[in-house]
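Once you have looked at the hints, place chain X on chain V.
2 protein chains.
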Amino acid sequence: MNRERLGDRLADLPTDGYLIDASQDDANQLYLSGFTGPDPFLTLYADGEVHVLVGGLEYGRARKEAAADTVERHADYDYEYGGREARNDMYARFVREKGVESVSMPPRGPVGTADALRERGIDVAVDTDDRIREVRAVKTDEEVDAVRDAQRANEAAMRAAEELIAEADVAGEDAPVEGGDASADDGEVEPGTLLYEGEPLTSERVTEEIEVTLLRHGCALDQTIVAGGAQAADPHDRGSGPLRANEAIIVDIFPRSKATKYNADMTRTFCVGEPSETLREWYDLTERALDAALDAVEPGATGEDVHAAACEVYEDAGEPTFRTDPETETGFIHSTGHGVGLDVHESPRLASGGEELEPGHVITVEPGLYDPDVGGVRIEDIAVVTEDGYENLTAYPIEFEV
Amino acid sequence: MNRERLGDRLADLPTDGYLIDASQDDANQLYLSGFTGPDPFLTLYADGEVHVLVGGLEYGRARKEAAADTVERHADYDYEYGGREARNDMYARFVREKGVESVSMPPRGPVGTADALRERGIDVAVDTDDRIREVRAVKTDEEVDAVRDAQRANEAAMRAAEELIAEADVAGEDAPVEGGDASADDGEVEPGTLLYEGEPLTSERVTEEIEVTLLRHGCALDQTIVAGGAQAADPHDRGSGPLRANEAIIVDIFPRSKATKYNADMTRTFCVGEPSETLREWYDLTERALDAALDAVEPGATGEDVHAAACEVYEDAGEPTFRTDPETETGFIHSTGHGVGLDVHESPRLASGGEELEPGHVITVEPGLYDPDVGGVRIEDIAVVTEDGYENLTAYPIEFEV
Numbered sequence: 001m002n003r004e005r006l007g008d009r010l011a012d013l014p015t016d017g018y019l020i021d022a023s024q025d026d027a028n029q030l031y032l033s034g035f036t037g038p039d040p041f042l043t044l045y046a047d048g049e050v051h052v053l054v055g056g057l058e059y060g061r062a063r064k065e066a067a068a069d070t071v072e073r074h075a076d077y078d079y080e081y082g083g084r085e086a087r088n089d090m091y092a093r094f095v096r097e098k099g100v101e102s103v104s105m106p107p108r109g110p111v112g113t114a115d116a117l118r119e120r121g122i123d124v125a126v127d128t129d130d131r132i133r134e135v136r137a138v139k140t141d142e143e144v145d146a147v148r149d150a151q152r153a154n155e156a157a158m159r160a161a162e163e164l165i166a167e168a169d170v171a172g173e174d175a176p177v178e179g180g181d182a183s184a185d186d187g188e189v190e191p192g193t194l195l196y197e198g199e200p201l202t203s204e205r206v207t208e209e210i211e212v213t214l215l216r217h218g219c220a221l222d223q224t225i226v227a228g229g230a231q232a233a234d235p236h237d238r239g240s241g242p243l244r245a246n247e248a249i250i251v252d253i254f255p256r257s258k259a260t261k262y263n264a265d266m267t268r269t270f271c272v273g274e275p276s277e278t279l280r281e282w283y284d285l286t287e288r289a290l291d292a293a294l295d296a297v298e299p300g301a302t303g304e305d306v307h308a309a310a311c312e313v314y315e316d317a318g319e320p321t322f323r324t325d326p327e328t329e330t331g332f333i334h335s336t337g338h339g340v341g342l343d344v345h346e347s348p349r350l351a352s353g354g355e356e357l358e359p360g361h362v363i364t365v366e367p368g369l370y371d372p373d374v375g376g377v378r379i380e381d382i383a384v385v386t387e388d389g390y391e392n393l394t395a396y397p398i399e400f401e402v
Numbered sequence: 001m002n003r004e005r006l007g008d009r010l011a012d013l014p015t016d017g018y019l020i021d022a023s024q025d026d027a028n029q030l031y032l033s034g035f036t037g038p039d040p041f042l043t044l045y046a047d048g049e050v051h052v053l054v055g056g057l058e059y060g061r062a063r064k065e066a067a068a069d070t071v072e073r074h075a076d077y078d079y080e081y082g083g084r085e086a087r088n089d090m091y092a093r094f095v096r097e098k099g100v101e102s103v104s105m106p107p108r109g110p111v112g113t114a115d116a117l118r119e120r121g122i123d124v125a126v127d128t129d130d131r132i133r134e135v136r137a138v139k140t141d142e143e144v145d146a147v148r149d150a151q152r153a154n155e156a157a158m159r160a161a162e163e164l165i166a167e168a169d170v171a172g173e174d175a176p177v178e179g180g181d182a183s184a185d186d187g188e189v190e191p192g193t194l195l196y197e198g199e200p201l202t203s204e205r206v207t208e209e210i211e212v213t214l215l216r217h218g219c220a221l222d223q224t225i226v227a228g229g230a231q232a233a234d235p236h237d238r239g240s241g242p243l244r245a246n247e248a249i250i251v252d253i254f255p256r257s258k259a260t261k262y263n264a265d266m267t268r269t270f271c272v273g274e275p276s277e278t279l280r281e282w283y284d285l286t287e288r289a290l291d292a293a294l295d296a297v298e299p300g301a302t303g304e305d306v307h308a309a310a311c312e313v314y315e316d317a318g319e320p321t322f323r324t325d326p327e328t329e330t331g332f333i334h335s336t337g338h339g340v341g342l343d344v345h346e347s348p349r350l351a352s353g354g355e356e357l358e359p360g361h362v363i364t365v366e367p368g369l370y371d372p373d374v375g376g377v378r379i380e381d382i383a384v385v386t387e388d389g390y391e392n393l394t395a396y397p398i399e400f401e402v
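The listed protein sequences correspond, in order, to chains V and X. Residue 292 in the numbering used here sits at position 292 of the first sequence; the count goes up by one each step and never skips. Residue 219 in the numbering used here sits at position 219 of the second sequence; the count goes up by one each step and never skips.
Hint data in this document are derived by calculation from the structure and do not stem from the laboratory. We treat Cβ as the ideally placed atom computed from N, Cα and C, and that holds for glycine. Certain hints may be false.
Unchecked claim - Examples of chain V residues lying across from chain X (beta carbon under 10 Å, computed):
no. : residue
1   : R108
2   : P110
3   : D234
Just chain V, same shape as in the assembly (with noise of 0.2 Å):
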């Protein structure tokens, strides 16, 4: 947590505290109090000072973990299990005796406890500047390094998964298939489908082995996308069933590291056999835009400026982006990246209307190309804004064809 930030971000607040109401799983929570309680527990800053209150069986492990000033617990306030009124009332009187009487929350936060707070008579705002998140966008070294490290656990599980499309054998229109069971030779793979040890090679398997090594890695996710065809056409699709040559095959990995909770962010296209002239020149232009887009990071620069950069080779390119097209559902349909730290998408978003970056910030910056009748194609870098441009965390090389 950058204290310092916080203090000035949080200087000119409308209320007397700012409240978090939230499990780990909240990035905004997570980042204020440091601690990683498994469920909801509150966090009140207040002149510049952080105060946690969790439950008893959290107690001791907060003391420890929280990077807070007071740490209390649930029978500091003579709280057992009492029910929703007992428990609200709880924590009005944890805020009021803090000096508290009116809290800003964040946009997220719950509006249970904000309006049981109402009832008892403490103000609640609603922070729609979403200032803790703000705050989390711009990182300390210490920050840039635990997203490095998840970065390099990434670029494993890339290599895991590029060795396992690489290898692939291809079912051919006639021959036998190789190491095929009974099922691969009952004819029911189709000519052109990937094969791995005779079966199948599906989404599912490359999944697997990308999330495996990310776990050997001190990583996890559980929403890997390995998407070949039609479906990488979609940028959401996760992807499923076999992969097929001649495709393009979008490998996203977005890990977040065990111990910091840190994450990265990496894509590559992979396509085995020959990719269409079509795939070609979009995997071409799609390289270009991510040169572009990087090229246009700097301090003062805008998300909206590095996002026009990318936007711009494809447009010269005659290809459909939001800009020329805001309902196409081909070209490049989304935005060029986002931040990543705590939250896999953070601020700053590369978009338009996006915000001026600023040293510390770190982020993606993804191009694509998509079209289900021709498949997708995006890579994307992972980079820190620096004093004068940015640092590109990524080392894993970019090529197409494997």
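Frame of chain V; chain X shown alone:
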């Protein structure tokens, strides 16, 4: 989703509709919408119908996946990315166009959305009962089967953990460490430390094996507990560092199926070598508490009854519980169990004030004893309440010394 139960439970809502603003990470959202959207989206229940509103990137997938009567996208409301106020205007229009002027939101729904709708003239009430959570608690046969499948993966992972622990060598006082490398030969390994391939066997190493096994079985988990010695005396300590002989090692695994999103949950406690007499007594007591609690499970019994059955075994043996000493930090210091489904902790609670059990409730029963001077012992099975009792979904032996 059990539409009939949902309709019954929401029939007497004090509002026109029920609104959820959350991503798939929220179990109520996943249950009501049936859609695995990675970013927050709206689901509105009104007049027995379910309406979903997603961004353009999710539209195709949502139309295929969602268990909704209508699926709309932002473009249907002429919304492109235009910041907060425009988004909130769209949300208000979406609600109003369904003929809805007042909505209930669950207690943990976002206050930002609630207040924005209020500013736009839509009444928002907090559903303090969390009714969808209540509906979710009673499972269909299909949902029970999903838990059963996750539990099979859980048992495979527990087996992998038990084997690692049971097959470990024990570092001796004088004997050189077999197969030890430099660090082990340096005498840095304390006598009694468990060794795997000559290296100290750590909580982290066992956790890795568990989570890799879960992935190989289609499940994920990032919060496994493998805690030995004094660490096991803190029920929420996930454990770290070398494991030791003659100590109790708690292994608590709660995987989630990647395909169905349903969870399982099981705990075993293992000891390599010679447990102390106290640990042996604790283990026997805890096994008796488990049996007593399970015996109390039937429709019409309350969660409080089941909790009482476990407490009585401990109290009769002179061990403290929250019933005999609300402030105790040793003894049986948590509830007896909880519902399991799309959330790993959900209704019903097996605790003081716990609600009446119904057929279809999937619950864990997990008594345990804790004291930093002794260690921790916990045994946890998962079961489904049936018409005339319960069916234990757990197929794993209960054995302490391995």
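Comparing the hints with the structure gives:
no. : hint : verdict
1   : R108 : holds, 4 Å
2   : P110 : holds, 4 Å
3   : D234 : holds, 6 Å
Comparing the model with each earlier hint shows no violations; every hint is respected.
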